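Participant: Sequence:
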Amino acid sequence: MTLTGPGGIGKTRLAQRAAADVLAGGTADRRTAGGRTGSGPGAGRTGGGSGAGRTGAGHGAEQTGSGAGAGRTGGDPGTDAAAVAERFPDGAWWADLSTLTGPELLLSTVSDAVDLADHSLRMPLDALSEWLADRRMLLVLDSCEHLVDACAYLVGELLTAAPGLVVLATSRSPLGSTVEELVEVLPLPADGPDALALFTDRVVDRVGRAPLAEAGAAEAAAAICRRLEGIPLAIELAAARVGSVGPGAVAEVADRLGSRFDTLAASDFVWPRRHRTLRTTIGWSHELCAPLERLLWARLSVFRGAFDLAAAQAVAAGGPLEAAAVAPTLDRLVAQSVLRRIDGGAGSGAPPAPVPVPVPEGAGAPVLRPGPGALPAPAARSGAGDRYRMLDTIREYGHTWLDELGEVAATQRRHAEYFTGLARWADAAWSGRDQLLGYRRIEDAHPDLRAALDHWLDHDSAQAAELAGLLVYFWSCCGHLKEARAYLERALEQHTAPGPARTRALIGLGAALTLQGEYDRATAVDAQVRTAAAARGDSAERMAAACLTGLLGMLTGQSRTALDAVRDALASVPGAGRRGAPAAGSAFDTPDRLRCHLVEVLSLTALGDFEEGRSRALELRRYCVEVGEVWTRSYLDYQLSVVALFSAAPQDAVAYARTMLESKHLLGDAFGIALGLDLLAAALAAAGRFEQAASVYGTGGAYWRSVGHPQRGAPELQPVRDRCERSARAALGDEGYAAAYARGAAAHGPTALAAALEPDGAGHG
Numbered sequence: 001m002t003l004t005g006p007g008g009i010g011k012t013r014l015a016q017r018a019a020a021d022v023l024a025g026g027t028a029d030r031r032t033a034g035g036r037t038g039s040g041p042g043a044g045r046t047g048g049g050s051g052a053g054r055t056g057a058g059h060g061a062e063q064t065g066s067g068a069g070a071g072r073t074g075g076d077p078g079t080d081a082a083a084v085a086e087r088f089p090d091g092a093w094w095a096d097l098s099t100l101t102g103p104e105l106l107l108s109t110v111s112d113a114v115d116l117a118d119h120s121l122r123m124p125l126d127a128l129s130e131w132l133a134d135r136r137m138l139l140v141l142d143s144c145e146h147l148v149d150a151c152a153y154l155v156g157e158l159l160t161a162a163p164g165l166v167v168l169a170t171s172r173s174p175l176g177s178t179v180e181e182l183v184e185v186l187p188l189p190a191d192g193p194d195a196l197a198l199f200t201d202r203v204v205d206r207v208g209r210a211p212l213a214e215a216g217a218a219e220a221a222a223a224i225c226r227r228l229e230g231i232p233l234a235i236e237l238a239a240a241r242v243g244s245v246g247p248g249a250v251a252e253v254a255d256r257l258g259s260r261f262d263t264l265a266a267s268d269f270v271w272p273r274r275h276r277t278l279r280t281t282i283g284w285s286h287e288l289c290a291p292l293e294r295l296l297w298a299r300l301s302v303f304r305g306a307f308d309l310a311a312a313q314a315v316a317a318g319g320p321l322e323a324a325a326v327a328p329t330l331d332r333l334v335a336q337s338v339l340r341r342i343d344g345g346a347g348s349g350a351p352p353a354p355v356p357v358p359v360p361e362g363a364g365a366p367v368l369r370p371g372p373g374a375l376p377a378p379a380a381r382s383g384a385g386d387r388y389r390m391l392d393t394i395r396e397y398g399h400t401w402l403d404e405l406g407e408v409a410a411t412q413r414r415h416a417e418y419f420t421g422l423a424r425w426a427d428a429a430w431s432g433r434d435q436l437l438g439y440r441r442i443e444d445a446h447p448d449l450r451a452a453l454d455h456w457l458d459h460d461s462a463q464a465a466e467l468a469g470l471l472v473y474f475w476s477c478c479g480h481l482k483e484a485r486a487y488l489e490r491a492l493e494q495h496t497a498p499g500p501a502r503t504r505a506l507i508g509l510g511a512a513l514t515l516q517g518e519y520d521r522a523t524a525v526d527a528q529v530r531t532a533a534a535a536r537g538d539s540a541e542r543m544a545a546a547c548l549t550g551l552l553g554m555l556t557g558q559s560r561t562a563l564d565a566v567r568d569a570l571a572s573v574p575g576a577g578r579r580g581a582p583a584a585g586s587a588f589d590t591p592d593r594l595r596c597h598l599v600e601v602l603s604l605t606a607l608g609d610f611e612e613g614r615s616r617a618l619e620l621r622r623y624c625v626e627v628g629e630v631w632t633r634s635y636l637d638y639q640l641s642v643v644a645l646f647s648a649a650p651q652d653a654v655a656y657a658r659t660m661l662e663s664k665h666l667l668g669d670a671f672g673i674a675l676g677l678d679l680l681a682a683a684l685a686a687a688g689r690f691e692q693a694a695s696v697y698g699t700g701g702a703y704w705r706s707v708g709h710p711q712r713g714a715p716e717l718q719p720v721r722d723r724c725e726r727s728a729r730a731a732l733g734d735e736g737y738a739a740a741y742a743r744g745a746a747a748h749g750p751t752a753l754a755a756a757l758e759p760d761g762a763g764h765g
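The opening position of the sequence shown corresponds to residue 1 in full-length UniProt numbering, with each subsequent residue numbered one higher.
All clues given are correct.
FRET-style restraints, in silico, Cβ to Cβ: (1) ALA746 with GLY557: 31 to 39 Å; (2) ASP568 with GLU104: 35 to 43 Å; (3) GLU104 with VAL179: 23 to 31 Å; (4) SER173 with GLU287: 27 to 35 Å; (5) VAL179 with ASP538: 52 to 60 Å; (6) ASP609 with GLU489: 34 to 42 Å; (7) PRO719 with THR178: 49 to 57 Å; (8) ASP331 with GLY557: 55 to 63 Å; (9) ALA731 with PRO163: 32 to 40 Å; (10) LEU182 with ALA739: 39 to 47 Å; (11) ASP734 with GLY557: 26 to 34 Å.
Don't read these hints as lab results, they were simulated from the structure.
No experiment lies behind these values; they were computed from the predicted model shown.
Where a beta carbon is used, it is the ideal one built from N, C-alpha and C, also for glycine.
Kindly generate the complete structure, drawing on both the sequences and the hints.
Facilitator: Below is the structure:
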């Protein structure tokens, strides 16, 4: 079903309400905002009737509840949300397409939204279709109007592949799909109570109380709603102009709106005539802004996603708009409903207080785990403060004025420079305490990093190669591996000159190819990287090249090659060699050197040298705990669990596997979680906890499906995994094993992971 109508009419809010109704009847941690746990995008009231239906498969439209603040479809407002949720046991998932400038990243965006972190070589559409094939869920595609043909094709393919899928699209124009059911979203009745209630609520938000009790105020408010034809966004912009509760405040707005309306409505500048009312209201709001407010509005239009004060200052300050003036100007634009303020924290739902969990002796500081049945949110942003976002319709208007000012190119360049700087900072912070913050800031900035890459590809191939190379480890961890590879290949095709930027991009491409299992191409790229690093004689490049050789060797069963490569690289840098982990704050505290130390540990374990492998792992783990590093520590915990499993210490193996999984959850690393769940299941089986092991195997299977590489990882571990799985099946019997496996596989995301981490197995069976 497609909700269609002009901008500002409330289509997104109706879709949001449909998703909320799906969530209302469920208890699982469903996702509805681009893969993030939440209630969907947008601010203010939700409401209005909406439909969620699918033609061609015997499905009728499902109508959701109604409320003030959004348009109406004319549907039944009394639907039971629990009944809607029962129809969609796999929840509601939200894909925001407004940040895309073309169809190239449509599949990647939708895959991200449904938590598909596919690392395989399958075609993206095939991977997505397979992932959704047995799901009964609602998928919302918000803001399709600039991708109509691509969305129509995608929807048709997905509905064919997934009989239980319902797609709800919002678009200013129909998609034209053969299975499309159109619902025109109408404005609020201009003379009805909902339009007046929306105006009143927004005035209260602005000034603290409603001034409609004064003489003539209610009549003036009603006149405003009629003049604006009940269009929600137009009503909100008008309400934002009620700057006081003094006598005549609402009447003054009505008078000013009327006079401006007649003037602006006479022009066809900016938008088509059918959008005249909303266009005119936005133009009126723009005219009433102070000059610096208009300038900031225009410059902020280059952002594709949410942004914070620091980003706004870096990109939009300049000329008459000083950096110090940006913060108060942002506040004024929020007050005028030009910007929406987004809470900069990780969300209001805090996890249970963490409690220390014992870790085997010598492992370093204890790991904090949440109370039973919960996990902390993945790496939360910290210190960023409030963030801001501009609605599409308002951003389009601002960008038109930026073009009129002749500032598009300069502002886009500042935008690209800022986000390239963010990637450099995150890379430099990777080895220490800010690692989690770096991951989260890179993930939050995903739409704008895409825009920066697109800008550099059009204007500076060296910058494109550098930025793509900086992002590959972050994006592979966050589930954007195919996207990272695509950008790296484009950048390398354009930037052919030898140098650090090209070498870095080649290393990133080699890592992406290796993680996808395309080992022949990865081997060829690895040879190019080693040749380039040797020719330049740069120790940092040599270390990075050794990391790639080590990663490739580990995943292809060539552990001796991996060990020799990283030891040679470490020996070439004074103080960074194998006899001691780098000291915190030393000159050797760099991401590539730390990765080389990790590959050394992985190789030793794979070669069966458990004593030295364990010793080096514990030494390096203490360093990671000291500096607050998480990613390397998680793989060290993995290796310590492997050593314990091979050393007939299954309880230690269980403890290390759990600490590894907690770290991988904080990073949002689906591939790492799948690895850890397989190892935890094997350790549980070795400890005789067969039912819990079978359930964890099921949960791991679900994560492997999202990654697209069943039971990948070090080849040396596969026989142990198989043996432990057979022992669990023998102990439980085929039926008992299948039932426990199915329970683990059916659980959802973090809920399933929290159950797997229960120390007594309470979350299983």
